[in-house]
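Engineer: Sequence:
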Amino acid sequence: MVGTAFSPRTWGIVAGIACLTTLQVCLAIWTHCCFEGRYDGPFLISSHFGVPSALADAGIRPTITDQYPQVGWDGQFYFFMANDPLGLADTAEHLDTITYRYQRIGIPALAWGISRITGHSVTSAFWYLTVQNILVAAGFGVLVGYLSACGISAGWAMTWLGAGGTWYTLAYGLPDAAADGVFIIAFWAVITGRLWGYLLASTLLVLIREGYVLFPFAVFLATVWGKLDWSRSWWTRSLLTTIPGIAVIAWAVYLSVHFGIAVTSPERNPSITTGLPGVEFWKSLRHAWEICDRQGVVYRLISMASLITILVIAARHCRRHLAFAVVLPYLLLMLCLGPVVWQHHQGYFKAMGTVLIVGILLLTITPNRILKGILVLNLLIGIDWNLIQAIIPAPFFSPNSVILTDMPPSEHPFGSSLNDIRGKFTPFPDVPNQSPLRSMTDEIEWMDARETVATEYQGIWRYWHRELVPFPIRIHNRGTEAWSANPRLGTGAVHLVAELLPADRSRTLMQQRVPLPRSIEPGESLDLLVWIRLGNRQIAHLHLAMEQVGVHPFNPHTSTRGLHRVIRIR
-11 MVGTAFSPRT WGIVAGIACL TTLQVCLAIW THCCFEGRYD GPFLISSHFG VPSALADAGI
49 RPTITDQYPQ VGWDGQFYFF MANDPLGLAD TAEHLDTITY RYQRIGIPAL AWGISRITGH
109 SVTSAFWYLT VQNILVAAGF GVLVGYLSAC GISAGWAMTW LGAGGTWYTL AYGLPDAAAD
169 GVFIIAFWAV ITGRLWGYLL ASTLLVLIRE GYVLFPFAVF LATVWGKLDW SRSWWTRSLL
229 TTIPGIAVIA WAVYLSVHFG IAVTSPERNP SITTGLPGVE FWKSLRHAWE ICDRQGVVYR
289 LISMASLITI LVIAARHCRR HLAFAVVLPY LLLMLCLGPV VWQHHQGYFK AMGTVLIVGI
349 LLLTITPNRI LKGILVLNLL IGIDWNLIQA IIPAPFFSPN SVILTDMPPS EHPFGSSLND
409 IRGKFTPFPD VPNQSPLRSM TDEIEWMDAR ETVATEYQGI WRYWHRELVP FPIRIHNRGT
469 EAWSANPRLG TGAVHLVAEL LPADRSRTLM QQRVPLPRSI EPGESLDLLV WIRLGNRQIA
529 HLHLAMEQVG VHPFNPHTST RGLHRVIRIR
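The working numbering puts the first residue of the sequence shown at -11, with every later residue one more than the last.
Please keep in mind that the hints were generated in silico from the structure rather than gathered at the bench.
In this text, a Cβ means the ideal position worked out from N, Cα and C, and glycines have one as well.
Heads up, some of the hints might be wrong.
[Claimed, not checked] Per label pair, the in silico range of CB-to-CB distance:
#, residue 1, residue 2, range
1, V2, E444, 46 to 52 Å
2, L227, L74, 45 to 51 Å
3, L551, A240, 36 to 42 Å
4, H246, E509, 29 to 35 Å
5, V212, W270, 33 to 39 Å
6, P355, I527, 51 to 57 Å
7, L227, R450, 53 to 59 Å
8, R426, V13, 48 to 54 Å
9, R438, A240, 37 to 43 Å
10, G248, R282, 46 to 52 Å
11, A240, I105, 25 to 31 Å
12, G101, L227, 45 to 51 Å
13, K271, H246, 36 to 42 Å
14, W270, A470, 44 to 50 Å
Use the sequences and the hints to build the structure in full.
Structural biologist: Written out as structure tokens, the structure reads:
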């Protein structure tokens, strides 16, 4: 139990400030480690969709280039919208699904407003990510304050903050964790009878993620039924609790009229996001078992067990504690998650945040040991997942674009214009993978004359800062078979492998596989400019070699092929 030196409100404020400080420090470390300190990097903007004109003119460039036909991640779309919240410019041309994305305008609109208040003519990537951190910290502070007021250890709030989906979504500019923070405030307002706080939070909530509309709808029904009186007259409370629903409907109608897409269009809710109860979970579980993904099996089982347990406990107590009845429709919706959610860890981890919050708040009315065990298990798999993401050598920009080919020596990836970045990317043709080579005989020639390499950044984050440094090399095909250019990572593809190790060679700092820009015939050579991520280490070991995926693998610890180079950094 939290000590009595401070009031619950004070504990909540302190926890919120500490949470925000921690998140901001982690954000700075993350961007400096993987994106050269550029806060637009985590959005994984891809040249597949291009960059809206206003952002392109402000210097925003894709972090995933058209060396590979990758599409980036969802954060890029919300960042684009944050510079054009009403869809009046060319933003819609750079989205995958227009109204589905624009329906989630809540965080982009906040980021747009704060950026303008702070004097930015275009929306700041830093402020966008900071807005998300503020919402998470606010929710965490409210959760800690309420738990301490109820005599429950505030440490249980960490089972949400440390969950797999919270840090992961914050790291890439996805709205899920921030939506969870707003949900905490809205649900707390329902429990404590704070009508205006509920209206503000729930209206923002449904504009962040449309699936949350079930929550204010249930609150409205409970209010009309007289189960929630809010200390207001029936007419007043009934009319006021329609505000979140009116807001989401009005915004949907605006989008329909503005973009000419019907409100009932499937684009608003792609069928892959929902399905029959439990069906897609079972399919994904069976698939994970078949491919021997034991970690995925455990993660999925714990997630579904958590959902069912919390749903059952909430249903058991909803008569005596009506506030938990209004979350039952949303929990039931979670049983119907579709294939796009269950097929990857980050999908169902993102969705589980709200479920865990309900479970934590259930501790205020029942000391159920099974519930506590479920919450601890989710924290453990969240830590496990986050540690795995930290241990895996973090890609610079994307797993396949660290080494960029055929670029002028003076041209840096963040300043590059591979084709017109305002246009959409034309995917590579479907080239079949090369048949297995009898042998892989390569020679890589180091063309750089520098004895030491200097990194430019010397700020307060220099311990974590990494920079891309270009090195010219020449690849020679010394074998008797041609190496085909293939843009994919499938078995049989011939790629250049780059692996960076520290001075003691104890672990891998960076490992990338990059396709050839053109075929190399026997006896031919190819000049490339290789971009390597370097930090503040004085000595690093670089291994470069050719590899045919699944046929002639390259292991820098044992292989004698390719090139080994010691890089001295100052």
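Engineer: Work down the list of hints and note, for each, if the structure agrees.
Structural biologist: How the hints compare with the structure:
1. V2 to E444: 46 to 52 Å: The hinted range 46 to 52 Å is violated for V2 and E444, with Cβ atoms some 38 Å apart.
2. L227 to L74: 45 to 51 Å: Check failed, 27 Å falls outside 45 to 51 Å.
3. L551 to A240: 36 to 42 Å: Roughly 57 Å apart at Cβ, these two residues miss the hinted range, so it is violated.
4. H246 to E509: 29 to 35 Å: Taking Cβ atoms as reference, H246 and E509 lie about 54 Å apart, which means the hint is violated.
5. V212 to W270: 33 to 39 Å: Roughly 37 Å apart at Cβ, these two residues keep to the hinted range, so it holds.
6. P355 to I527: 51 to 57 Å: 55 Å, holds
7. L227 to R450: 53 to 59 Å: 57 Å, holds
8. R426 to V13: 48 to 54 Å: 53 Å, holds
9. R438 to A240: 37 to 43 Å: 58 Å, violated
10. G248 to R282: 46 to 52 Å: 48 Å, holds
11. A240 to I105: 25 to 31 Å: 27 Å, holds
12. G101 to L227: 45 to 51 Å: Taking Cβ atoms as reference, G101 and L227 lie about 27 Å apart, which means the hint is violated.
13. K271 to H246: 36 to 42 Å: 37 Å, holds
14. W270 to A470: 44 to 50 Å: Given range 44 to 50 Å: holds, Cβ gap about 46 Å.
In the structure shown, a violation is registered for the earlier hints numbered 1, 2, 3, 4, 9 and 12, in ascending order.
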